[in-house]
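Residue numbers (the working numbering): 350 to 817.
The set of hints was computed from the structure by calculation and includes no laboratory data.
Heads up, some of the hints might be wrong.
Restraint ranges, calculated between C-beta atoms of paired labels, are given here [said to hold, decoys possible]:
1. Q586 <-> E540: 21 to 27 angstroms
2. S769 <-> D619: 39 to 45 angstroms
3. K704 <-> M797: 57 to 63 angstroms
Below are the DSSO-like pairs computed for lysine-lysine, each with C-alpha atoms no more than 30 angstroms apart in a straight line [claimed, not checked]:
4. K704 <-> K604
5. K672 <-> K615
6. K615 <-> K668
Computed from a predicted structure; not experimentally measured.
Note that CB positions come from ideal geometry on N, CA and C, so glycine has one too.
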Amino acid sequence: MEIDPEEANSFLSMSQNFSALTLRTRNEIASYLFEPIQKINSNEYPLELEGVTTIRKMLSARSPPCREVVGANILPSLLEMSCTRPEKFIYEVSWMICNIAAGDSYCVKYLLSIYEVSWMICNIAAGDSYCVKYLLSINVLDFLNRHFISASNEIKDQIFWTLGNIAADGQQCQSAIFLSPIFHKVLKYIETLIKPAEKNLVWAVSNLSHIIPDPELPYTPILENFFIKTLIESTNQEILIDACWGLFYITESSKFASIYTNNILKRIIDLMTHFCISLSYSTTRIIGNIVMKTKHSWVVLKELGIVDVISALLDHNMKNVKKEALGILSNLCSEGSDVVSFVRSKGIYEKLLGKLACEEQDIKCEIIWTIANSVHCALTDDVNYIFDIGWVDAQLNVFGCISQPGVRKVLVYGLYLIFSKMKRPLEHAHLRKLKNCEGFSENNDEVMQYFDKIISMYGEDEDCCADN
Numbered sequence: 350m351e352i353d354p355e356e357a358n359s360f361l362s363m364s365q366n367f368s369a370l371t372l373r374t375r376n377e378i379a380s381y382l383f384e385p386i387q388k389i390n391s392n393e394y395p396l397e398l399e400g401v402t403t404i405r406k407m408l409s410a411r412s413p414p415c416r417e418v419v420g421a422n423i424l425p426s427l428l429e430m431s432c433t434r435p436e437k438f439i440y441e442v443s444w445m446i447c448n449i450a451a452g453d454s455y456c457v458k459y460l461l462s463i464y465e466v467s468w469m470i471c472n473i474a475a476g477d478s479y480c481v482k483y484l485l486s487i488n489v490l491d492f493l494n495r496h497f498i499s500a501s502n503e504i505k506d507q508i509f510w511t512l513g514n515i516a517a518d519g520q521q522c523q524s525a526i527f528l529s530p531i532f533h534k535v536l537k538y539i540e541t542l543i544k545p546a547e548k549n550l551v552w553a554v555s556n557l558s559h560i561i562p563d564p565e566l567p568y569t570p571i572l573e574n575f576f577i578k579t580l581i582e583s584t585n586q587e588i589l590i591d592a593c594w595g596l597f598y599i600t601e602s603s604k605f606a607s608i609y610t611n612n613i614l615k616r617i618i619d620l621m622t623h624f625c626i627s628l629s630y631s632t633t634r635i636i637g638n639i640v641m642k643t644k645h646s647w648v649v650l651k652e653l654g655i656v657d658v659i660s661a662l663l664d665h666n667m668k669n670v671k672k673e674a675l676g677i678l679s680n681l682c683s684e685g686s687d688v689v690s691f692v693r694s695k696g697i698y699e700k701l702l703g704k705l706a707c708e709e710q711d712i713k714c715e716i717i718w719t720i721a722n723s724v725h726c727a728l729t730d731d732v733n734y735i736f737d738i739g740w741v742d743a744q745l746n747v748f749g750c751i752s753q754p755g756v757r758k759v760l761v762y763g764l765y766l767i768f769s770k771m772k773r774p775l776e777h778a779h780l781r782k783l784k785n786c787e788g789f790s791e792n793n794d795e796v797m798q799y800f801d802k803i804i805s806m807y808g809e810d811e812d813c814c815a816d817n
């Protein structure tokens, strides 16, 4: 197909105006790009398509020449040509942009800084730096926006992929998308989507949610509902990973207060023990945020088997998963004595006791927090149980290994609560260990105060203590 002469002349005029700003000599263009660029400039559609397809395939290779293509500065022409070329051409250009967006920051910034026509430069020159950055950011996004409504599913998928790559480059790029009309079209698309979401769409929306959305913004519930719907409907592991991380970003907000139904929570809890580490980690962090930021979560989570899941995660291969699981347990135990009694009935305190000596320090710290929160809320019977299975000795034995002053304070505070609640005589062995631990705490007044309080309960004289 040959291009309309009038259109060709119009395009030639635009190209000449643009070339004054973006002139590239033959020496500045990589030699392997000469032939495909000549075909793109041939004004014959079959050759144009062949040229753009050749470059797109280069950009799809293992080591794509993103910077070289950027340096050739052919994208402004391709964007303009896409307004009048068939869908196959648009598809190849969209794919090319997507591949460039997957490059380094230089390539992404280029995508956000090209112009379709030269008169835009004049408008930018009249603005301040904020206006410049804003105009730079909307150009390629404007191209995607123009084609979105009429695009086929294939081209929409390329658009989502491109948006995901741009959003992955950082907060500035994510903000650029939020400011673009394309973002609102994507929101409308996911809000009315009937069929299960495709991989690139979920990935792109997840990347966009990486800037923790304010729950009060109108689009946050749309994103949240999209991730929840995807979690419920999808069985694809990669899609689930992106949906879970997207939902995690939303629950990270300091203003998060959503109340999820039991079937949603059950789905998230089931995924906590998934063999895929990314799924297990992200869902554990979601539940951690829910427990920390919503009141009375225990009543619901108990019925959904959260304690059994936490018990299983304590043996997880990934340290961060164990740490997050302990954080959930610690926060739950601070909700009341009924939680402590139930956790005791599941044998969790014995399991934690076995792990205190052998785990790395940051896991030790989480265990210490869990015990302190437990004894703070526990009834006397449960405190006596915690003492009887050996928690006082175990914590005194690891005291010298804990380097964080704040955690040392929590450990000694927990011991103080145990001794004050169980109302038993202090044993000689415990008193000696307490006094030995005091030597590690000479520079920490708060820790020393709790040591002194424990010892003062029974007097300084060891004769006041019970025999072993």
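Hints and how they fare:
Distance hint for Q586 and E540: a CB-CB separation of about 25 angstroms, consistent with the stated range 21 to 27 angstroms. Checked against the hint of 39 to 45 angstroms, the pair S769 and D619 passes, with Cβ atoms roughly 41 angstroms apart. Range check, K704 to M797: about 28 angstroms between beta-carbon atoms, so the 57 to 63 angstroms window is missed. At most 30 angstroms may separate the alpha-carbon atoms for a hinted pair to count; K704 and K604 exceed this at roughly 35 angstroms.
Restraint check for K672 and K615: the C-alpha separation of about 21 angstroms stays at or below 30 angstroms, so the hint holds. At roughly 24 angstroms between alpha-carbon atoms, K615 and K668 fall within 30 angstroms of each other, so this suggested pair holds.
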